[in-house]
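Asks: Residue strings, one per chain:
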Amino acid sequence: MKDSAMPANVPVLRIENIKKRFGDKEILKGVSFELNRGDIKAIIGPSGGGKSTLLHCINFLTLFDEGHVYLNGIEIDHANKRELYAYRQKVGMIFQDFNLFDHLSALQNVQIGLVRVKKIPKAEARERAVAELERVGLKEHMNKYPAELSGGQKQRVSIARALAMDPEVMLLDEPTSALDPELVGEVHSVIQKLAAGGMTMILVTHEIGFAGSLAKEIMFMDEGVIVEKGPPRKILYEASQARTREFCDKIIHFHHREDDQE
Amino acid sequence: MSEFLFLRNEVAPAMIRGVWMSIKLIVPSAVFGLVIGIITGTLRVYGHAVLKSVANIYVTLFRGFPLLVQLYLWYFGLARFGIYFSPYTAAVIGFSLCSGAYHSEYIRGALLSIKEGQMLGAQSLGFSKTQALFSIILPQAVRRALPGCGNELIYLIKYSSLAYMVTCIELTGEAKILASLYFKYMELFLIAGAIYLFLVSIATWILNHVEGWLAVPGFEPPRT
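Here the protein sequences line up with chains A and B, keeping their order.
According to this note's numbering, the stretch in the first sequence is residues 451 to 712, in order.
According to this note's numbering, the stretch in the second sequence is residues 57 to 280, in order.
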């Protein structure tokens, strides 16, 4: 990608008026936002509000009914398969339940996309995969299979796997919500490292403390719309919408109670 | 002494001829059957609507007709339309297509057991659906289907004895001919049975090794 050739004001990723319905239930009712290079935005909100569907739509893993997705100002046409596959490499996706390939070792999980999709020679791909696993602190576990790794380690492998494809944007769909509490920290610190390296990210999460410390902007999403967005302090403590306040109050109280117990 | 001469001069050559013919029937039928099974099983889960129904009709027919009836159709039935197969060819066609229909059922079940997330994970990296199918989904499904497919291969060894009914003289056929010639049914069929048992044991041994060789820690329940 020739960054220098691109006007500085074009957002890396722009989502325009995405609508999606399943049967007669409208899950997304017109969602728009944009991300500039290095932006980190967090999406919070109650379950069933459309957060995961939105991320799946951005990656075309779920096809939306209306709307547009632009990468570096160019609209993505999902019917053009070559374009779609190239786009998906540029937009890394981290799933709640990891989706590591169960029959492949950690190393092979990271390597296979490089070999099969990017058509990089095996030896070179292996070198890159080892480097990515080292970056997430798992080099010594690289020959283990998913079933032999902890949840936190699996998620770190999946991050390494996405990073190996050289993404410009990362979509993280509740990366720590399937993890035991004591394993959340290791995944958070990997994500923090990415942030420090300037990675552009969208983070869907229930960990509002983490979201607040990482993101410049938090979007509160409910019933298929972005109800409100703004800097973390404002959304978490001084939201203007009643729905946002109600949700944040509940979640903040819950977290304080958890803290008290410790 | 005459028993020994009978065994050496009559039984041994016939059994060796028979086993050799049986192996020549079993090995290609096993390979073709497995390939047909993987293709049709995959089409039944991931194929386009038309191919899916063709594959479904194939499986319904070939699992529904008795194998002996199928063999008769290939060998005697098609002759009426001027299509003549040698006994050997008719048998291999019959076995492969029948075996393939059963394999496809094991493959289909295994494909359906692979979590959707495996496909999503692959697609999110830029894999096309076909690429994901070949590099991610099928390698897992084949491992899952292996015990079932192995079972089908063991069956094949035994139903290969039906080739004799379309005059392809294999192990059972040779035993039958000698037995009626000398009226020694018990002896010859016990010998033939023992040879089948031996073939099955070899196949079981090979299948166990293949399973062990393909095993992925934690992917399959631990083998006992």
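Hints in this document: simulated from the structure, not taken from any laboratory.
Cβ coordinates follow ideal geometry from the N, Cα and C atoms, glycine included.
It cannot be assumed that every hint is accurate.
Using 20 Å as the maximum straight-line C-alpha spacing, the simulated PhoX-like pairs for lysine-lysine come out as follows [as the list claims (entries may be wrong)]:
1) A:Lys-666 - A:Lys-643
2) A:Lys-594 - A:Lys-572
3) A:Lys-531 - A:Lys-569
4) B:Lys-185 - A:Lys-531
5) A:Lys-643 - A:Lys-679
6) B:Lys-185 - A:Lys-568
7) A:Lys-569 - B:Lys-185
8) A:Lys-469 - A:Lys-679
9) A:Lys-568 - A:Lys-540
10) B:Lys-80 - B:Lys-214
11) A:Lys-479 - A:Lys-469
12) A:Lys-540 - B:Lys-185
Restraint ranges, calculated between C-beta atoms of paired labels, are given here [to be verified]:
13) A:Lys-569 - B:Trp-261: 49 to 55 Å
14) B:Trp-261 - A:Lys-469: 45 to 51 Å
15) A:Ala-573 - B:Gly-133: 52 to 58 Å
16) B:Lys-185 - A:Lys-469: 22 to 28 Å
17) B:Leu-107 - A:Val-460: 41 to 47 Å
18) A:Glu-574 - B:Val-106: 39 to 45 Å
19) A:Glu-574 - B:Glu-267: 30 to 36 Å
20) B:Leu-107 - A:Lys-469: 32 to 38 Å
21) B:Val-106 - A:Ala-581: 42 to 48 Å
Asks: Each hint: holds or not?
Replies: Comparing the hints with the structure gives:
For the suggested pair Lys-666 of chain A and Lys-643 of chain A, the alpha carbons sit about 16 Å apart, so the restraint of at most 20 Å is met. For a cut-off of 20 Å, the pair hint linking Lys-594 of chain A to Lys-572 of chain A stands: about 19 Å separates their Cα positions. Restraint check: the Cα-Cα separation between Lys-531 of chain A and Lys-569 of chain A comes to about 17 Å, which is no more than 20 Å; the hinted pair holds. Proposed proximity of Lys-185 of chain B and Lys-531 of chain A is supported: the alpha carbons are some 10 Å apart, at most 20 Å.
Between Lys-643 of chain A and Lys-679 of chain A the alpha-carbon distance is near 25 Å, which puts this suggested pair outside the 20 Å criterion. Taking the CA atoms of Lys-185 of chain B and Lys-568 of chain A, the gap is about 15 Å. The hint holds against a cut of 20 Å. Distance check on the hinted pair: Lys-569 of chain A and Lys-185 of chain B sit about 17 Å apart at the alpha-carbon level, within 20 Å; holds. The straight-line distance between the Cα atoms of Lys-469 of chain A and Lys-679 of chain A is roughly 19 Å, inside the 20 Å bound, and the hint therefore holds.
Simply put, Lys-568 of chain A and Lys-540 of chain A have alpha-carbon atoms about 12 Å apart, close enough for the 20 Å limit, and the pair holds. Of the supplied pair hints, the one linking Lys-80 of chain B and Lys-214 of chain B holds, its CA atoms being roughly 14 Å apart against a limit of 20 Å. At most 20 Å may separate the alpha-carbon atoms for a hinted pair to count; Lys-479 of chain A and Lys-469 of chain A meet this at roughly 5 Å. A C-alpha spacing of about 18 Å is found between Lys-540 of chain A and Lys-185 of chain B, which places the hinted pair at or below 20 Å, so the restraint holds.
Range check, Lys-569 of chain A to Trp-261 of chain B: about 40 Å between beta-carbon atoms, so the 49 to 55 Å window is missed. The hinted range of 45 to 51 Å is not satisfied by Trp-261 of chain B and Lys-469 of chain A, whose Cβ atoms lie roughly 59 Å apart. In this structure, Ala-573 of chain A and Gly-133 of chain B meet the distance hint of 52 to 58 Å, their C-beta atoms being roughly 56 Å apart. Distance hint check for Lys-185 of chain B and Lys-469 of chain A: the Cβ-Cβ separation is about 25 Å, which falls inside the suggested range of 22 to 28 Å.
For the hinted restraint 41 to 47 Å between Leu-107 of chain B and Val-460 of chain A, the CB-CB distance of approximately 44 Å keeps it satisfied. At roughly 42 Å, the beta-carbon separation of Glu-574 of chain A and Val-106 of chain B lies within the given 39 to 45 Å, and the hint holds. Under the hint 30 to 36 Å, the C-beta atoms of Glu-574 of chain A and Glu-267 of chain B, about 33 Å apart, fit the expected range. Hint check: Leu-107 of chain B to Lys-469 of chain A, Cβ distance near 33 Å, so the stated range 32 to 38 Å holds.
In this structure, Val-106 of chain B and Ala-581 of chain A meet the distance hint of 42 to 48 Å, their C-beta atoms being roughly 46 Å apart.
Checked against the numbered hints given earlier, the structure breaks hints 5, 13 and 14 and satisfies all the rest.
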